[in-house]
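*Asks:* Sequence:
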Amino acid sequence: MVDAARELSPETKASDEPLPNVRGRYTPNAPLGKVGWFRTGGTADMLFKPADIEDLQDFMAQRQAATPTPTPVNILGVLSNSIIRDNGVEGITIRLGREFASIEERDDHCLYIGAAVLDVNAAEFAAEKNIAGLEFLCGIPGSIGGALALNAGAYGSEIKDVLISAEFLDEQGNRKSLSADDLNMSYRHSEIPKNWIAIGATLKGHSGETEKIKAHMTDIREKRAQTQPIRSQTGGSTFKNPKAEDLEKAGLPLDTKAWQLVDKVGGRGLRIGGAQMSEQHANFMINTGSATASDLESLGEEVRRRVKENCNGYDLKWEIARFGRL
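The numbering of the sequence shown is the working numbering, which starts it at 65 and goes up by one.
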């Protein structure tokens, strides 16, 4: 997922509750950092991979029945836009697998896409079906579930522009469907109800020609390769682009981008330990090979401190999700 995760409260542990009886797999002390795109970070106290949607529904229902206030869970995608802290993640972490990665063609140029489907795979499937309008997804690292959580976007489009409905499981395991308006989506923002889990989405494109759609996707890929450190261990955009109203309050030009603020305070190429702000794109953080999760987060916080101190108090917002024990 472009990957947002909801944190557990630090004083609550999954070991305080019995684990539901499921058909999927539990893995204690599961390595998370090494499978994320930064290739660093800690473990999950307990990782759960459900066998299918029904198994996940059973998991949710059993937990709710066992206690009226069960420990919240962390929902992970492909960890393309996440820092997993070195001390690991408390409680139960859920990672959706191939059982949530199907795509179905629907009427009127619509696709139902499972939450675990990679954004690029969704774009490629649409192209093969002569469905245009979803090409921008090929430029977004992550999965559809993460894209819903963050209202991910690129190259002038975002998920809310093509979203008909998103499907979730609520805390009791019941299926729920919400629209972009229901989710109050805006720039890199989506209000998914607490502890709900995205399982899929219906996206709508329009009629197109496969060759032209693929040519557009090639242009996006080439532009991305020219401007972003895509061959490095990176997590995508580190900070959100500023909102015009916030820039106005800080007395900054209304078209200022996050990378420009990073540049302005000497952030391009800045290093802490094995973490570095990319020389190629100042809003991309990379693991040069030896970074800890602490290095990455400390570097981001140092850039934020410099921006606040030198740019009229502007508060640069993280786009990368950070979770786990401090």
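Check the hints yourself; a few may be wrong.
What the hints assert, rightly or not - Calculated pairs, DMTMM-like style, for lysine to aspartate or glutamate (alpha carbon to alpha carbon, straight line, at most 20 Å):
#	residue 1	residue 2
1	K258	D245
2	K268	E168
3	K98	E168
4	K321	D245
I should point out that these hints are in silico values taken from the structure, not numbers from a laboratory.
Source: prediction; values computed, not measured.
*Asks:* If a hint holds in the structure, say so; if it doesn't, say that too.
*Replies:* Structure-based check of each hint:
1. K258 x D245: Distance of about 17 Å is within 20 Å: holds.
2. K268 x E168: holds, 12 Å
3. K98 x E168: violated, 31 Å
4. K321 x D245: Distance of about 26 Å is beyond 20 Å: violated.
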